[in-house]
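Visitor: If you want the building blocks of each chain, they are given just below.
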Amino acid sequence: MATVSDPPKEAFRLSQLIYDTRYRSMTIQIVALIGFLVLIGWLISNTAQNLADLGKEPSFQFMGEAAGYDINQRLIDYNNQDSHLRAAFVGILNTLLVAVMGCATATILGVIIGVLRLSKNWLVGRLMTVYVEIFRNVPVLLWIVFIMAILIETLPAPRDFRGDDPVASMKLFDTVAITNRGVYIPDPLFGADAKDDKGAFLDEPVGWRVGLGDYPVGASRDNPSCERYYATEGPGAGEPAAGCGTFQISLDLLLALAVLIAGLYASHRIKRRADRIQNATGVRPVTWYLRLGVVILPFAITLWALGFYFAFPELRGFNFQGGTHMRNSLIALWLALSLYTAAFIAEIVRAGILAISHGQTEAASALGLRPKRIMNLVILPQALRVIIPPLISNYLNLTKNSSLAIAVGYMDITGTLMGITLNQTGRELETVLLGMLIYLTISLIISAVMNWYNNSVKLVER
Amino acid sequence: AGTLDDVKARGKLNCGVTTGLVGFAAPDANGEWHGFDVAVCRAMAAAILGDPKAVEFVPTTGKTRFTALASGEVDVLARNTTWTLSRDVDLKFTFVGVNYYDGQGFMVPKALGVSSAKELDGATVCIQTGTTTELNLADYFRKNNISYEPVPIETNAEGQQQYLAGACDTYTTDASGLAATRATFENPADHVVLPEIVSKEPLGPLVRHGDDEWGDVARWTLNALIAAEELGITSANVKEMASAAGNNPEINRLLGTEGNLGEMLGLSADWAVNAISAGGNYGEIFARNIGENTPIGLSRGLNAQWTDGGLLYSPPFR
Amino acid sequence: MSELAMGREVDRSKMTVSDEVAVEITNMNKWFGTFHVLRDINLTVQRGERIVIAGPSGSGKSTLIRCINALEEHQQGRIVVDGTVLSSDLKNIDKIRSEVGMVFQHFNLFPHLTILENCTLAPIWVRKTPKREAEETAMHFLEKVKIPEQADKYPGQLSGGQQQRVAIARSLCMRPRIMLFDEPTSALDPEMIKEVLDTMIQLAEEGMTMLCVTHEMGFARQVANRVIFMDQGQIVEQNEPEEFFNNPQSERTKLFLSQILGH
Amino acid sequence: MSELAMGREVDRSKMTVSDEVAVEITNMNKWFGTFHVLRDINLTVQRGERIVIAGPSGSGKSTLIRCINALEEHQQGRIVVDGTVLSSDLKNIDKIRSEVGMVFQHFNLFPHLTILENCTLAPIWVRKTPKREAEETAMHFLEKVKIPEQADKYPGQLSGGQQQRVAIARSLCMRPRIMLFDEPTSALDPEMIKEVLDTMIQLAEEGMTMLCVTHEMGFARQVANRVIFMDQGQIVEQNEPEEFFNNPQSERTKLFLSQILGH
Amino acid sequence: MSEVSYVRTEMLPEREPPATTIGVIGWMRENLFSGWFNTALTIVSLTFVVMLLNAILPWIFSPTWYATSLGECRDILRGMGREGHYPGACWGVIRDRWVQLLFGFYPSELYWRPIMAFLLLGVALAPVLFSDRVPRKLLWFSAVYPFLFPWLLWGGPIWGPLMVIAGFVIGWFVYRAADKRAGGLAGIIAGVLAAVIWWLLVSGYVIDGVSAVLPIGIEAVQSRNFGGFMLSVTIGVVAIACSLPIGVVLALGRQSDLLIVKALCVGFIEFIRGVPLITLLFVASTLLNIFMPPGTNFDIILRVIIMATLFASAYMAEVIRGGLAALPQGQYEGADSLGLDYWQAQRLVIMPQALKISIPGIVSTFIGLFKDTTLVSIIGLLDPLGLSNSIRADAAWNGIVWEIYGFIALLFFAFCFAMSRYSMYLERKLNTGHH
Ligand SMILES: Nc1ncnc2c1ncn2[C@@H]1O[C@H](COP(=O)(O)OP(=O)(O)OP(=O)(O)O)[C@@H](O)[C@H]1O
Ligand SMILES: Nc1ncnc2c1ncn2[C@@H]1O[C@H](COP(=O)(O)OP(=O)(O)OP(=O)(O)O)[C@@H](O)[C@H]1O
Ligand SMILES: [Mg+2]
Ligand SMILES: [Mg+2]
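Residue numbers (my numbering), protein chains in the order written: chain C, 1 to 462; chain V, 1 to 318; chain D, 1 to 263; chain H, 1 to 263; chain X, 1 to 435.
The following block holds chain C by itself, in its conformation from the complex (with noise of 0.2 Å):
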């Protein structure tokens, strides 16, 4: 028997470095890190040098500085002479507002639409298919200048609301009015809230059921606009008046919110209670008054402590007056985010249900599970989890799309930070990057739900 005699212990050789497994991987990482750094180098040393040549030293000094342009819509706070870093908050809040109002509308959108694909019906679901096929093959800025468009044109200017025999008239009993500047629905306020139109406090509060009045956060005795909220008497004592404190919480809201919070827990364990009774008689007892009571009921009783009241849209001088305005800006992209994504969802909704075998539903109902328990206890389970990830791509695509904002002049974070700030500071480095890295976080929150979520329902297999 033939035998191979150790070749000797080598000493480390350079050719080692690309030849060895055990250092290659090390080579190829070395030589890549050392190549991007010296990317990252060259692109560093450029901008430095250009913006030496342009005479802009990087800072971000501006964000401090007074921002100088109003904002129509805003969810805290804010004037021209806050700070630019304030605006692009307010814009941040303006993203997020859009977004969340896209995504909750989407899917609702699109789960109907998606089901209704399936309809049995020929012509529904043909329709549906003209719809899904309409909006994703258009591009989104398309269909939000468009939807802009619509509404200014179609919708009546608020002059047509004025005169002995108006053109237009407010919807749903004078609550509502519908006009191309956008929607002014009744406002929610407490009793607290009550001020004249110039926003004074009224001097007689109404009787008892006044309410908690705003929290300002950030509140300090310097603040000449916080000196109403340390008063212990005089008119509206206690009261914060506009630019007192970072933000303001509205206690109200906050009390009403746990109320109902509340109530939602209590209904649970109602649930619970029912879920339990069924195991042990097999007989469901009916819940759904009871659960729905508790939640309506203390809530309603809080509300109508805190002086609860609607404000309700009203036309006066150039404009609709109290209320909640939501701008066309607003309507535009949030319907047209909505639509365009809902054509999406309803493709992954359909998709999902799809995916679930028919054979799973004939077994069930051979099981004599009625379609309502069958949707429930089998498909839907098993459709979410082909659904859900894709879903929150999508909403992470909206996220993204409202960006778009711009186009119809919406002050989201792209409008503020990144349009008018820029535009007037000049400051473009500072403003882009700090902008994609607000953009960059949105998303990675999301994408973190989104892999929390897949890990968690993962189907077990052998």
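A couple of the hints might just be wrong.
Computed cross-link-like contacts, DSSO-like style, restricted to lysine-lysine with a CA-CA straight-line distance of at most 30 Å [unchecked claim]:
#: 1; chain 1: H; residue 1: LYS95; chain 2: X; residue 2: LYS180
#: 2; chain 1: H; residue 1: LYS153; chain 2: X; residue 2: LYS137
#: 3; chain 1: H; residue 1: LYS131; chain 2: X; residue 2: LYS356
#: 4; chain 1: C; residue 1: LYS458; chain 2: D; residue 2: LYS91
#: 5; chain 1: V; residue 1: LYS92; chain 2: V; residue 2: LYS200
#: 6; chain 1: C; residue 1: LYS458; chain 2: X; residue 2: LYS356
#: 7; chain 1: X; residue 1: LYS180; chain 2: C; residue 2: LYS458
#: 8; chain 1: X; residue 1: LYS429; chain 2: H; residue 2: LYS128
#: 9; chain 1: V; residue 1: LYS143; chain 2: V; residue 2: LYS110
#: 10; chain 1: D; residue 1: LYS194; chain 2: C; residue 2: LYS372
#: 11; chain 1: D; residue 1: LYS91; chain 2: C; residue 2: LYS120
#: 12; chain 1: D; residue 1: LYS194; chain 2: C; residue 2: LYS120
#: 13; chain 1: D; residue 1: LYS194; chain 2: C; residue 2: LYS271
#: 14; chain 1: X; residue 1: LYS180; chain 2: H; residue 2: LYS128
#: 15; chain 1: X; residue 1: LYS429; chain 2: H; residue 2: LYS95
#: 16; chain 1: H; residue 1: LYS254; chain 2: D; residue 2: LYS194
#: 17; chain 1: X; residue 1: LYS180; chain 2: H; residue 2: LYS194
#: 18; chain 1: C; residue 1: LYS271; chain 2: D; residue 2: LYS144
#: 19; chain 1: C; residue 1: LYS56; chain 2: V; residue 2: LYS110
#: 20; chain 1: X; residue 1: LYS262; chain 2: H; residue 2: LYS91
#: 21; chain 1: C; residue 1: LYS372; chain 2: D; residue 2: LYS95
#: 22; chain 1: X; residue 1: LYS356; chain 2: H; residue 2: LYS153
#: 23; chain 1: C; residue 1: LYS458; chain 2: X; residue 2: LYS429
#: 24; chain 1: H; residue 1: LYS131; chain 2: X; residue 2: LYS262
None of these hints come from the bench; they were simulated from the model.
Go by the hints and put chains V, D, H and X with the ligands onto chain C.
Guide: The following block gives chains V, D, H and X with the ligands in isolation, referenced to the frame of chain C:
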């Protein structure tokens, strides 16, 4: 090398204009650009290269215009841009003059019964973003302590659409823009421009800081157009006047029949002749693009020659 | 075809047929669009009978048994199951479905539920059985099909044969009076066929009324008391298994048997 | 298990074993993570030897032969193939792989290439053979495995047995000195097993050094000159086939043989 | 037990089903009026469709094709007694501007070039997309086409594209030479380096030299003259084509077990996918020049194409990763056991299959990118949507809205719809795939 040499080498002038503003710059069906701002660029091209058609027009938005100029993508920006200190100093541009003295105004429907901007408390105002108007507006309303609701829009066409449909009560932009917009309405008479002019808006072409030679070429081409009107040189008679030296030495110097002004600028002797033949003198350009006989129908107003009580005043050609 | 079920003596003692009628089909016709799948079917099944339905592919066997528990609608004729007339009345359909168990070729277990949950789902939601009780029943039947230890696994973790046995247990948990089988073994590997057939034989020994579409002729011979041969949507021949296999009458039957037993 | 290969007399004339060592494995250990799959393996294969490796599922047979052509990395011990020490040096790995052919259970043909292209790919790109020459070699080996007429088809158009024979031909085109087989017949239908085994026997008759993981005991008896039995990552027993089958030493081997030959 | 024995002596004929279940009536009963809910749905949908058509059709049918301004349209319609808010469409604007909407400012006498480029695109794609029906020889044309396409669109001397090809050829030869001497990886690095050096340092002089001697070429067209639909297609096609190789590299990097390489690839992909395209376009319009060495100046369309390419590569990488994941492990092992090295295995065995599986995904990515090209209007490029603003800035058409939007929407719809149908067809074909 300087921009002038680059342009000569390239054989084309790169000129930044708007993506479209009635009367000032818009492409026609053949892709040819026309308008008041466009004419300035054509005159410059004619002066430098002898050919008014040797221009590449680069459409820019309010947002991209300064980057385009700063990065060298365009040689000159002729896009109704307001001359302000911060743009001059902080953004590092040189305004070579003013080709249109403007001011921000308001347009309202007659039916609204408003006669002064001070009555606009609570009104909805359509406003183009990315312009000085945005800041002027905020200042004006703050100063007068009245409230308003801004509706930001991206282009003039959108503003017009929203205003006409009643989605805003008033439209504010430069008065020239207002007039131009109003002129294309189906019933222009139903709308009025309010008397208040809330800001000074000197609009003019601009170039990058640091290349003064090039700035001079741009500045003096504009001045040549203005001076030509003052001196009675028109596109019709410029050839004849340039054919031989006349008895007005300034005209002679301008048209290159006397002295070496063109050479000083680094241009040919007949640079001004070319510039004026391209589209006529300032007055002709004005009349053809936005003047009273066009649909836009602007009167000269502040933009009349100083001799007629306006602000146009070209430094002497000497 | 596999004759794997032949391993043990079948105990026929309990396999008695009563006088009661379990299923009665009279002049039943069914079309898919314009295609006439079932033609004038007449069939009476006594309680306790074990019927095997055979026939070439596409002859309408599956359709026939699917009509019995209303998975397919028939257009003409009468089907009476356990005294209930099958009409489009939802209540009747519900009643019949909870009396009739069905086992499919592809098991159709619910992959998102454990074996135990698969078995208790219908008893809980349809029969309104208390959960505890349903689980006990389920464990009982899982023991019967010899896989109680898999109760907490998911269908995806089981072999085909095990899955099919779970499917049988799942049907049994509803305590049906009639069981329908649609080629329960044809998607299985040979080793697994045996375990499923064993389960079915056991069921037959306990006196369950069964209608079974299958090509396992060994099973038919041992267990069935009638074999029905279908072709082109019609019942061509029916007879006791001995007679059927040894002395087929119709030409088609002979051809079919020669093909299926030929090798 | 199938004894289908028994159809003909095997010509053992050329099946001589030389003195040269083809593969030498010394004290080899391998872990997957913390799981110790191969424990202290010592094995010497002479040139011309035909070794069959058997053992229960999961005993590490595949892992062992995959270590030989470096598809898996081993962590301890020495493997010398054809005089070349298997180290992490890429050149050695390349050298060994072009000396050692491997045939997989699932063929692993490249579906986007024709049969001929499958066979010429490696000779052209690894051996740098001119295309014409590579094609001639390929046709030669395709004739040997008796499917020259399929050369221009795609793998998807062939039956399993044909695909496996192509896989063998593909390996042979590299003119390997050692062939490894990992259960080459276990994904095949019984009729096809025979044709593949025939091809392998033919190869053995020509004196190829072969290491073969298989459960085809008929093949082992006829062709192998050593059978190795593995369990739990260790070589439990090795012997000549006659001895191995008729007179197994270890308890585990006996149990395994009774299971595998039992029915 | 009843009489069990039963033999049918004659077979029953097939009969017609009951009348109510077939024909138009059967179909309507089944598909439109089965049950009260369905009937209600049918009626509601019908009403909706009728109302919609009633609102739109009169507007569409409007004899204004030859009008030369909005005012003229209004006059024509007024002459027909049609007044009101929306008396009818003004189609004159489409007649006047459709060429511009399609080609932007491309010189009209050269329209044949883009038309040819896009027609040839079809030819070049045919061997890839319809691999079963088109001779494989055409693949040669597909390989040359990426150089032909930009040359046809941008024009200029023929030497430019030829020198680019020359770079590839040189790279290939260097690779072959180095491969023999130093092995795969070194070969690839040397090849790529040689090509890059050629393109960046040498080819410029060669082009100048050769074109001075042999000025063969076609008229050059500046990319800022690109506009309209052609601009959208150009951005889409170029970005997708360029993103393909980058996507492959990224996908391989993401699949690899080299931690740093993997992290870099994942970082890039997630970054690009995490930000909206519009912000990348802002980078193109405002920042890209800042990142480049002082003095470099791309025109805006090239910058947009660069950013669109980066954008598409990230999505492409994910598509290709899907294709790679769909390949069984055995393919890698088969290649390894034959002695193919990593790059050979990728090139000869893995990629051809993975790319084929990915084609439907690639087409979808293209559709998405193509729709997204409308975003360039926001940074002032005159794509169809940007042009719509310019057109409205013309005094004659000031005030036109729906006609242009409708036309643009129709163009995009036709294009995207056709492509998505094609991709669905591909997917079906792949699912039932023969080999
Ligand atoms: N839902 C349906 N729509 C239309 N035709 C159908 C449908 N289901 C079955 N058919 C047709 O009816 C005929 C009978 O089908 P059936 O499934 O009952 O046959 P089978 O005897 O069970 O055949 P196999 O042994 O293949 O299962 C076949 O021709 C089949 O194609
Ligand atoms: N890549 C891997 N990672 C982790 N464990 C593995 C891997 N490959 C195999 N194993 C485990 O190593 C053990 C030996 O596997 P191997 O495939 O060598 O067994 P085998 O003897 O070939 O079995 P079979 O007859 O089933 O093919 C098994 O327990 C297997 O689960
Ligand atoms: Mg069937
Ligand atoms: Mg194995």
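Visitor: So, for every hint listed, does it hold in this structure?
Guide: Here is what the structure says about each hint:
A threshold of 30 Å between alpha carbons decides the hint, and for H:LYS95 with X:LYS180 the separation of about 15 Å falls inside it, so the pair holds. The suggested pairing of H:LYS153 with X:LYS137 holds, with an alpha-carbon distance near 19 Å, which does not exceed 30 Å. This hinted pair checks out: H:LYS131 and X:LYS356 have alpha carbons roughly 25 Å apart, not beyond 30 Å. The suggested pairing of C:LYS458 with D:LYS91 is violated, with an alpha-carbon distance near 37 Å, which exceeds 30 Å.
Between V:LYS92 and V:LYS200, the direct Cα distance comes to roughly 21 Å. Compliance with the 30 Å bound is thereby established for this hinted pair. Distance restraint check for C:LYS458 and X:LYS356: the Cα-Cα separation of roughly 28 Å lies within the 30 Å cut-off, and the hinted pair is therefore satisfied. Taking the CA atoms of X:LYS180 and C:LYS458, the gap is near 48 Å; set against the 30 Å cutoff, the hint is violated. Of the pairs offered as hints, the one joining X:LYS429 and H:LYS128 is violated, with about 36 Å between alpha carbons and a cut-off of 30 Å exceeded.
About 25 Å separates the Cα atoms of V:LYS143 and V:LYS110, which keeps this hinted pair within 30 Å; it holds. With a C-alpha separation of about 37 Å, the suggested pairing of D:LYS194 with C:LYS372 is violated against the 30 Å cut-off. Proximity of D:LYS91 to C:LYS120 is assessed by CA-CA distance (about 23 Å); at most 30 Å being required, the pair is judged to hold. Restraint check: the Cα-Cα separation between D:LYS194 and C:LYS120 comes to about 42 Å, which exceeds 30 Å; the hinted pair is violated.
Taking the CA atoms of D:LYS194 and C:LYS271, the gap is about 45 Å. The hint is violated against a cut of 30 Å. Restraint check for X:LYS180 and H:LYS128: the C-alpha separation of about 10 Å stays at or below 30 Å, so the hint holds. Proposed proximity of X:LYS429 and H:LYS95 is contradicted: the alpha carbons are some 41 Å apart, above 30 Å. Distance restraint check for H:LYS254 and D:LYS194: the Cα-Cα separation of roughly 27 Å lies within the 30 Å cut-off, and the hinted pair is therefore satisfied.
In summary, the hint linking X:LYS180 to H:LYS194 is not supported, as the alpha carbons are separated by about 43 Å, beyond the 30 Å threshold. A C-alpha spacing of about 35 Å is found between C:LYS271 and D:LYS144, which places the hinted pair above 30 Å, so the restraint is violated. Between C:LYS56 and V:LYS110 the alpha-carbon distance is near 48 Å, which puts this suggested pair outside the 30 Å criterion. Distance check on the hinted pair: X:LYS262 and H:LYS91 sit about 25 Å apart at the alpha-carbon level, within 30 Å; holds.
The straight-line distance between the Cα atoms of C:LYS372 and D:LYS95 is roughly 17 Å, inside the 30 Å bound, and the hint therefore holds. Straight-line distance between C-alpha atoms of X:LYS356 and H:LYS153 comes to about 19 Å, which keeps the hinted pair within the 30 Å bound. Proximity of C:LYS458 to X:LYS429 is assessed by CA-CA distance (about 29 Å); at most 30 Å being required, the pair is judged to hold. Taken as a hint, the H:LYS131 and X:LYS262 pair is broken in the structure, with Cα atoms around 37 Å apart against an allowance of 30 Å.
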